[in-house]
Amino acid sequence: MSIISDNDNLLSCPGHYSDGKSADQQTVTVTISNASLQIFFPETQEILAWPYSELTSLHPLQQGHDIWLNLKAETPKENDKTDYSRHARLFLADCPHIQKLLEKAPALSLQSSKSRVLKPMYWISATTALLGIIAYSINLSHIIAVSLPHSTRALIGDKVIAGMTSQENFCSSPKGNAALEKIRRRLVQSSNRPEKFSVRVAKLGMLNAFATPGERIILSKKMLEFVQSPEELAGVLAHEMGHGIKLHPETGIINAMGLAVAFQWVLGNNGGTLSDMGSLFLMMKNSRDTEREADAVGMGLLKKAKINKKGEADFYRRLHKEHEIPEDILSEETQAGLNILSTHPASKERLKTIEDTPDWTSTLLLSDTEWKDLKAICSNLETETETQK
Amino acid sequence: MQITEQQPQAETTTFGWKAQSNIAKMAFKNFGLQLLTLGFYYFWGKVEARQKIWSSVRIAGQPLEYSGTGKELFVSFLISYFIIFGPLFFLFELIDVAITARFGAENNYVFWGSIAFYTLFTFYFSGVAQYRARQYRLKRTCWRGIYGHMTGSAWRYGWIYLWTMVLLLASAFLLMPWRDLKLRKIMTENTHFGEEPLQFKASLDELLPTFVMTWIILFLLASPFLFVLGKWAYPWMAAAIIGSLTLLRPWHYFSRDSAATLKTWLYFSLPRLVKDKASQLSPRTKMVVVASTVLVLSLYILWIFNSASLALLLKLTLKKMIKPGPLMIVVLILLFSFIGTAISLIFTTYYSRLYNLCARATLFQGHPFALKTSPWGLFVLTATNFLLALLSLGALMPLVLARSTNYFISRLEVGGTLDYSKIIQSEVSLKASGEGFAEAFDVNNF
Chain A
630 MSIISDNDNL
640 LSCPGHYSDG
650 KSADQQTVTV
660 TISNASLQIF
670 FPETQEILAW
680 PYSELTSLHP
690 LQQGHDIWLN
700 LKAETPKEND
710 KTDYSRHARL
720 FLADCPHIQK
730 LLEKAPALSL
740 QSSKSRVLKP
750 MYWISATTAL
760 LGIIAYSINL
770 SHIIAVSLPH
780 STRALIGDKV
790 IAGMTSQENF
800 CSSPKGNAAL
810 EKIRRRLVQS
820 SNRPEKFSVR
830 VAKLGMLNAF
840 ATPGERIILS
850 KKMLEFVQSP
860 EELAGVLAHE
870 MGHGIKLHPE
880 TGIINAMGLA
890 VAFQWVLGNN
900 GGTLSDMGSL
910 FLMMKNSRDT
920 EREADAVGMG
930 LLKKAKINKK
940 GEADFYRRLH
950 KEHEIPEDIL
960 SEETQAGLNI
970 LSTHPASKER
980 LKTIEDTPDW
990 TSTLLLSDTE
1000 WKDLKAICSN
1010 LETETETQK
Chain B
2 MQITEQQPQA
12 ETTTFGWKAQ
22 SNIAKMAFKN
32 FGLQLLTLGF
42 YYFWGKVEAR
52 QKIWSSVRIA
62 GQPLEYSGTG
72 KELFVSFLIS
82 YFIIFGPLFF
92 LFELIDVAIT
102 ARFGAENNYV
112 FWGSIAFYTL
122 FTFYFSGVAQ
132 YRARQYRLKR
142 TCWRGIYGHM
152 TGSAWRYGWI
162 YLWTMVLLLA
172 SAFLLMPWRD
182 LKLRKIMTEN
192 THFGEEPLQF
202 KASLDELLPT
212 FVMTWIILFL
222 LASPFLFVLG
232 KWAYPWMAAA
242 IIGSLTLLRP
252 WHYFSRDSAA
262 TLKTWLYFSL
272 PRLVKDKASQ
282 LSPRTKMVVV
292 ASTVLVLSLY
302 ILWIFNSASL
312 ALLLKLTLKK
322 MIKPGPLMIV
332 VLILLFSFIG
342 TAISLIFTTY
352 YSRLYNLCAR
362 ATLFQGHPFA
372 LKTSPWGLFV
382 LTATNFLLAL
392 LSLGALMPLV
402 LARSTNYFIS
412 RLEVGGTLDY
422 SKIIQSEVSL
432 KASGEGFAEA
442 FDVNNF
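Chains as they are written, first to last, in our numbering: chain A, 630 to 1018; chain B, 2 to 447.
It should be emphasised that the hints constitute simulated quantities derived from the structure, not laboratory data. Treat each hint with caution, since some may be false.
Said to hold, decoys possible - Derived lysine to aspartate or glutamate pairs resembling EDC-like cross-links, with alpha carbons at most 20 Å apart:
# : chain 1 : residue 1 : chain 2 : residue 2
1 : A       : Lys935    : A       : Glu999
2 : A       : Lys650    : B       : Glu196
3 : B       : Lys186    : B       : Glu197
4 : B       : Lys423    : A       : Asp648
5 : A       : Lys743    : B       : Glu197
6 : B       : Lys53     : A       : Asp695
7 : B       : Lys19     : A       : Asp723
Please model the complete structure; the sequences and the hints are all you need to start from.
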């Protein structure tokens, strides 16, 4: 006895049914009845009823599109390997009664499908954003940096130096080393800090000094040639020590790794140079903030060591004059843009900060002879090849 | 009256493409959602794109289905990144630091040794990742309710992938056809649809003449550049080889990098633009937008240097092994561009042959497939897809992949009539762990 009424025939579509056991298919007639989806097999005259509540589809149902339905996956009956019902498929091409079907099975609609995916997505994103803000606010990178043992930081610092200066000679002479040590000791002792710092001059062709993890400071030969007084050099060293005291090198490395991972995550797991560069702007901004912090700590060291701040001021004045583009050439916008792209605050800004700081009493740092010896440290025939600790 | 019993008409197996919806629109929507959800939607968006592409493929008029979920991909990614490879790479870094401290970084054995180790490690796990990704996708692909699956071991495949890659490089790519067929044979013969396995019977003889001609032409075209580089050749060539491998990667890798560029620009420029009213942009805002746009355009050029080659170039420069100058940079960019374009053009002839041969060599129920790609058709497809990806900065990647699938499916046939009643559902478990390895190693990842 057919349970398909005449009225139901108006809501029928031709379709194809696969039983999930093999890829063979049968042509069927599908009827949208009140109680269930009725699948009629003309060859065997049998009817299979699929309850609307059990229907599922990989694609939301839409008018004008093909649809294919299956039953919701149940836990397969463990002992019944012949239960293929969850793999059975019903395929309907160009069925005009999709709207009626959606009335019976609203979970198959596009809206329902979107809601299932997007609602939890927004919650997850909001939570992640909040966690990101918290992590950024408490400077998680710095906390991690502080927890690293000194030996690990020193190892990393040695590796950084080796990577940058390998096959380079470090400058060394007995008298030059002694003069440099004098400046170093005065800054370190006055700081009352546990960090000892090691300072070396490397034969690098760039005007730079840098601090690495583990309180290592490298001065380039060109930097040594640029500075014109022991006080200028002390200013540079004090600034780099400021980085070391605040664990900026360590924090910077952890930060960079975290940013790289975060940007790969947010930007869709894209690898390659460009996604690595995606963190560049943020790192630049962070870099300027750390430079300002190192300036402040360095100034404190100079004050306690009773080293004249004039040296540092002279340094930035000459640096600005000789190495930065004059402001009258640049428009305000260009200058502002260059500042955004720079890792350091402009020398003019740093100079102003120094000049605004009240003076303090100072004592002689190095004698003229000692200063000459230090300046000649790289011209000594006895240069030492870098050795790893 | 004679009654003639009619034999049931066997279904002919045809392959076709019937797009279910506007894939371009979906691609842009997913792109936006990905940004809005800080990247989380990437996995669900990938699933949606695959579902649309799979369902557009019609076999005997009925669609393929993709039943993977975003949650599976996401969890697999988390496990691979944060539990397996993240800690592993951190450990490698610590070991590297210790070895460098002990032996010194100027020790060339240490330097090149670490590069060799990372390269071999990456090759091996790239192979493993490819195999596992394919295993996963087959288990999530069904037709008329019958699922695919793969047998065999991904770990074993990884070793074969690795040592054949080493031989490939050592042979200056002369062994490419042999390797291509070897790897495809493993993949194909381990592929099952239901309980029915595929077979693969290919002959290298059909591929060699085309490949040898291709290789010779490429070598002749590249050799003037090698000559020009002259005494700079050694360290630069190491970087150039690594860099040009970038261009050998599937073109859609470029689209992902360029997508990252756009997103970076959006993140840093757009908030400022929104903050200042568009008609009243402050000089500072204008400068930031201009500067960041210039940087973005510069990064396009820098894309040619992938991370590995850029890192190597920087390291070699700092070690004073090479002396970069503007002329060298320009030469390198031209070299990479030339090599990349030449490879794409010349190799379409080879790849067309390869794809057609692999289809002929693949048998299902004893019937071979047939694929009718042409070098010119393949080149036009690749070039137009490249432009689509480039101009949309990666957002339209689902569309370009749909176009590629459409191209191949529309040219595919099977010789003979398949007996669908003999394609039986396999009892292999459908449990699969997602594509975390493929995400981690960035291989064949759509």
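Structure-based check of all given hints:
1. Restraint check: the Cα-Cα separation between Lys935(A) and Glu999(A) comes to about 18 Å, which is no more than 20 Å; the hinted pair holds.
2. Taking the CA atoms of Lys650(A) and Glu196(B), the gap is near 11 Å; set against the 20 Å cutoff, the hint holds.
3. About 16 Å separates the Cα atoms of Lys186(B) and Glu197(B), which keeps this hinted pair within 20 Å; it holds.
4. Distance hint between Lys423(B) and Asp648(A) is fulfilled; the C-alpha atoms sit about 13 Å from each other, no more than 20 Å.
5. This hinted pair does not check out: Lys743(A) and Glu197(B) have alpha carbons roughly 36 Å apart, beyond 20 Å.
6. A threshold of 20 Å between alpha carbons decides the hint, and for Lys53(B) with Asp695(A) the separation of about 12 Å falls inside it, so the pair holds.
7. For the given pair, Lys19(B) sits about 13 Å from Asp723(A) by alpha-carbon distance, which is consistent with the 20 Å threshold.
In summary, the structure is inconsistent with hint 5 from the numbered list given earlier, while agreeing with all the others.
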